[in-house]
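Peer 1: Below, each chain spelled out in residue letters.
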Amino acid sequence: MTTISTKFEMKMGVATREAYGQALAELGRTNPSLIVLDADLAKSTFSATFAKEFPDRFFSVGIAEANMVGIAGGLALAGKLPFASSFAVFLCDKGYDQLRMCAAYPHVNAKFVGSHGGISIGEDGPSQQSVEDFALACALPGFTVLCPADEFSTRALVKQMAELVGPCYMRTGRAKAPIIYSAADTFQIGRAKLHGIGRDVAIVACGFEVGYALQAQAQLQEEGIAARVLDMHTLKPLDHEAIALAASECGAIVTAEEHLLDGGLGSRVARSAAMSRPVPIEFVGINNTYSESATPEQLMEKYGLAAPYIVEAAKKVVKRK
Amino acid sequence: MTAQRIESIDELKRLSNRLRIDIVRMIGAAGSGHPGGSLSEVELLAALYFRVLHHDPARPDWPDRDRFILSKGHGVPALYAVLAAAGYIDAALLPTLRKLDSPLQGHPDRRMLPILEASTGSLGQGISIGIGMALAAKLDNKDFHTFVMVGDGEIQEGQNWEAAMFASAHKLNNLTVILDNNKQQLDDWTEKIVRVEPLSEKFRAFGWNAVDIDGHNFAQVIPALEQARANMSERPTAIIASTVKGKGVSFMENNVKWHGVAPKPEEVEAAVKELEAKFA
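Just so you know, the protein sequences line up as chains L and S, in that order. For the first sequence, this note's numbering gives the first residue as 1168, with consecutive numbering after it. For the second sequence, this note's numbering gives the first residue as 50, with consecutive numbering after it.
It is worth saying that the hints were derived from the structure and are not from the lab. A portion of the hints provided could be inaccurate.
Taking CB as the label site, the calculated pair distances span [unchecked claim]:
#1 S:G80 x L:S1415: 38 to 44 Å
#2 S:G136 x L:A1411: 50 to 56 Å
#3 L:T1353 x S:R253: 54 to 60 Å
Lysine to aspartate or glutamate pairs mimicking DMTMM-like chemistry, simulated, CA-CA at most 25 Å apart [stated by the list, open to error]:
#4 S:K220 x L:D1207
#5 S:K191 x L:D1207
#6 L:K1219 x L:D1207
Quick reminder that beta carbons are idealized off the backbone N, C-alpha and C, glycines included.
Using the sequences plus the hints, can you model the full thing?
Peer 2: Printed below as a string of structure tokens:
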């Protein structure tokens, strides 16, 4: 589906973490192999939605993420379909060796979902904010890495993730996500979702930044710059085809992510473009720092992630063409 | 079902000696590896594969087979030797240990050798993987048992204790940890690095059955493993097996140097000569 948005209104739906819980519960009804693990954050990751309906197939490991990831590996080796959830920062950072040893290296069919990704979680501050999970997850060979933008894409991608054989990581967000899609939209892991056919600049975004990118697209249009937005919900495997096409048709790219500039979407898109059609690229993301406690809106503004920064980056990159 | 049961203790001792020769030769041919901790676990593995595990080398993917995870992955030469003796792999593969394209990787790798239950080598993770398998058995009402072997140095990793808490909380009586307590780790005696004793008391405090045995004495090893396999209590079992690092080769025994150094050709020869003499 291609939509041309002339004006994108940030109408909020449910958070992607909440949609994840709903999708899990739905999957549980048809897939008896599905086992869900959490590390004492089930109410926050929304795996509790599954736990409520299927208490016998839900295990809280307590506050022990490394153990949780290892157990998920063992369950997968014994033929189960484990989904393990925690905050992205604890799952990826504390469980990293285990993600490597018990999931990536043996290439088992285990799924990992980190909620509270990015800085839009707000007041809890940087210890709870994952700004490096994409870099960590994407560095694991064989991993599929996802970051859906809204509730509809989350539900669709969770289902696809369950069908895909192999280890996966998905980041979900704490904040209510803008409604971008509808239940009629279809998604495919590894294929970007295109919004608009603008040929002046391509904005490649993921997660919460997709809403901002669509706002930026509308703003740019008013200023006579035709942008297209690519919702790159799959960071790995990356949709090289869509990036190559965007590069060749637009000649300029902006990436936007709620992640450190190192090792995330921007780095991956830049590498992809460099291999197909090198064009000027500007990067919206967090620049080599941890954030702080404040409201999500204040943080997205202070750390340069809100829509106006994407507009600014787009204008800059168009001049570099 | 138990494949290739060896009833005679003398025969098991003879087998263990042969396994030790394989281990020394294998590591010698590789030019690198961990002889100390491989030699200490031999009787435990021999008893598992020839007396205790419900398994079938003709059907390695039998869903109801017992699982064995070597969490102390550096001790894998002993596992390869046992797997060859039990008929899972061709003994002709043993000299390819650690060589390019060999399924016998330096640490267990189930991509290359799918009969291995888990890939290991980063210490401290085996019990968690074993929990996943034991949980799956409970969920499916299957009675296969999961054994995990860990080292005493390895138990310094905190994840073991996260796993120990979980296993007892969930009454995983179908899970057994075998602790190869050879009392040395790479840098020195475990006691001198960070003391891990008392071990059985620690496991008991975490809600486990725990038993202390001599890990080289089949008269103690076999009953302990069998009892763990038949465990009807609501607790998982830890078998703390006191062993000797480098067991069977006099110049390697209790010598920290042999944790992770391969014997040179003349040392292989001396070791094999000594081992062969035992059952001459």
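Peer 1: For each hint, tell me whether it holds in the structure or not.
Peer 2: Results for each hint:
{"no.": "1", "hint": "S:G80 x L:S1415: 38 to 44 Å", "verdict": "violated (52 Å)"}
{"no.": "2", "hint": "S:G136 x L:A1411: 50 to 56 Å", "verdict": "holds (52 Å)"}
{"no.": "3", "hint": "L:T1353 x S:R253: 54 to 60 Å", "verdict": "holds (56 Å)"}
{"no.": "4", "hint": "S:K220 x L:D1207", "verdict": "holds (19 Å)"}
{"no.": "5", "hint": "S:K191 x L:D1207", "verdict": "violated (28 Å)"}
{"no.": "6", "hint": "L:K1219 x L:D1207", "verdict": "holds (14 Å)"}
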